[in-house]
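Enquirer: Next come the chains, spelled out residue by residue.
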Amino acid sequence: MVVDDQLSRVFSALADPIRRDMVARLAVADATVNELAEPYSVTVQAVSKHLKVLEDAGLVSRRKQAQRRPVHLEAEVFDLMTKWIERYRQEAEQRYQRLDAVLAEMAQAPEQTRAEGEAS
Amino acid sequence: MSTTTHPETTISADPALPTIRITREFDAPVDAVFRAHVEPELVAKWLGPRSLTMLVDRWDATTGGGYRYTHVRGDEQYRFYGSFHEVRPNERIVQTFTFEGFPDGVSLETVTFTDLGGGRTRLDVLSVFETTEVRDAAMASGMETGVVEGYEQLDELLA
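From first to last, the protein sequence lines are chains A and B. Letter 88 of the first sequence, counting from 1, is numbered 88 in my numbering, and no numbers are missing. Letter 51 of the second sequence, counting from 1, is numbered 51 in my numbering, and no numbers are missing.
Rather than coming from a laboratory, the hints here were simulated on the basis of the structure. Worth double-checking, as some hints may not be accurate.
Here are some of the chain B residues that sit facing chain A, going by a computed Cβ distance under 7 Å [as the list claims (entries may be wrong)]: (1) 11; (2) 22; (3) 23; (4) 32; (5) 45; (6) 79; (7) 82; (8) 132; (9) 136; (10) 137.
Derived CB-CB ranges, DEER-like [stated by the list, open to error]: (11) 68(A) to 126(B): 40 to 48 Å; (12) 53(B) to 63(A): 51 to 59 Å; (13) 118(B) to 21(A): 28 to 36 Å; (14) 45(B) to 34(A): 53 to 61 Å; (15) 63(B) to 69(A): 19 to 27 Å; (16) 55(A) to 16(B): 15 to 23 Å; (17) 90(B) to 61(A): 45 to 53 Å; (18) 58(A) to 133(B): 14 to 22 Å; (19) 55(A) to 118(B): 51 to 59 Å; (20) 126(B) to 24(A): 19 to 27 Å; (21) 105(A) to 73(B): 20 to 28 Å; (22) 128(B) to 55(A): 28 to 36 Å; (23) 62(A) to 76(B): 23 to 31 Å; (24) 19(B) to 27(A): 32 to 40 Å.
Where chain B lies over chain A, by a calculated footprint (3+ residues, C-beta under 8 Å) [to be verified]: (25) 30–38; (26) 90–101.
Glycine residues also receive a C-beta, built at the ideal position from the N, C-alpha and C atoms.
Model the full assembly from the supplied sequences, consistent with the hints where possible.
Expert: The structure is reproduced here in structure tokens:
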């Protein structure tokens, strides 16, 4: 399987705009559930549900720290996504290397290539 | 491994937007790069995975035109179609893109050709999908058909 389960969970976790916003804010600094809930007109329970999805995807973790349990972004999970995108990039690169070859052919015999193109 | 220095393809998939951006420079004048996108005989030589043969049923790269092609490998067939919304010579192509196996997923592609001078051209491709899920599915499937050849080496490279 090309796309492993964690990657699917990561992408589906990030498909929700509130969760993406939470991730964006956690990228700046750790935050508590109450702090994360502040900007939204949803309950702390709803935010906790979103957090659970992010936690299951391995995107965030929560550590005991005195009275607080701040939410922490696990940035290394994004490496998985980066690798996936890198594979897609390599596919595009291969395609464009073939286009390089076509362009080189056209430069060598512009008239012939043009005639071929018009013959259709 | 090739020793030729190719200009790098850059790609970005915004986690917050259902888009993919691809940028690549070519050591060729803008009219040649543009022709390689609109003339079907040239398109068939580079578009699509190397391991598949591209059969062009229709390629009318004009404003309001359309296209349909099939990638073939043995018994496998992948058909694609779309409309050319706008074709502006040497500047831009706006087209839709649908994989027949997933007709509910359509993307809108804007290809921009930039003359960099000195016989060089930059290509910018922006694909907009309906949702991030459709975008991710497209990336995953494109990857599966696109990098079948040399897949193991790629795995090693990325390990």
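Enquirer: Indicate, hint by hint, whether the structure satisfies it.
Expert: We went through each hint and held it up to the structure:
{"no.": "1", "hint": "11", "verdict": "holds, 4 Å"}
{"no.": "2", "hint": "22", "verdict": "holds, 5 Å"}
{"no.": "3", "hint": "23", "verdict": "violated, 10 Å"}
{"no.": "4", "hint": "32", "verdict": "holds, 5 Å"}
{"no.": "5", "hint": "45", "verdict": "holds, 5 Å"}
{"no.": "6", "hint": "79", "verdict": "violated, 18 Å"}
{"no.": "7", "hint": "82", "verdict": "violated, 17 Å"}
{"no.": "8", "hint": "132", "verdict": "holds, 5 Å"}
{"no.": "9", "hint": "136", "verdict": "holds, 5 Å"}
{"no.": "10", "hint": "137", "verdict": "violated, 9 Å"}
{"no.": "11", "hint": "68(A) to 126(B): 40 to 48 Å", "verdict": "holds, 43 Å"}
{"no.": "12", "hint": "53(B) to 63(A): 51 to 59 Å", "verdict": "holds, 55 Å"}
{"no.": "13", "hint": "118(B) to 21(A): 28 to 36 Å", "verdict": "violated, 44 Å"}
{"no.": "14", "hint": "45(B) to 34(A): 53 to 61 Å", "verdict": "holds, 59 Å"}
{"no.": "15", "hint": "63(B) to 69(A): 19 to 27 Å", "verdict": "violated, 58 Å"}
{"no.": "16", "hint": "55(A) to 16(B): 15 to 23 Å", "verdict": "holds, 20 Å"}
{"no.": "17", "hint": "90(B) to 61(A): 45 to 53 Å", "verdict": "holds, 52 Å"}
{"no.": "18", "hint": "58(A) to 133(B): 14 to 22 Å", "verdict": "holds, 19 Å"}
{"no.": "19", "hint": "55(A) to 118(B): 51 to 59 Å", "verdict": "holds, 53 Å"}
{"no.": "20", "hint": "126(B) to 24(A): 19 to 27 Å", "verdict": "holds, 22 Å"}
{"no.": "21", "hint": "105(A) to 73(B): 20 to 28 Å", "verdict": "holds, 24 Å"}
{"no.": "22", "hint": "128(B) to 55(A): 28 to 36 Å", "verdict": "holds, 31 Å"}
{"no.": "23", "hint": "62(A) to 76(B): 23 to 31 Å", "verdict": "violated, 47 Å"}
{"no.": "24", "hint": "19(B) to 27(A): 32 to 40 Å", "verdict": "violated, 20 Å"}
{"no.": "25", "hint": "30–38", "verdict": "violated (count 0)"}
{"no.": "26", "hint": "90–101", "verdict": "holds (count 12)"}
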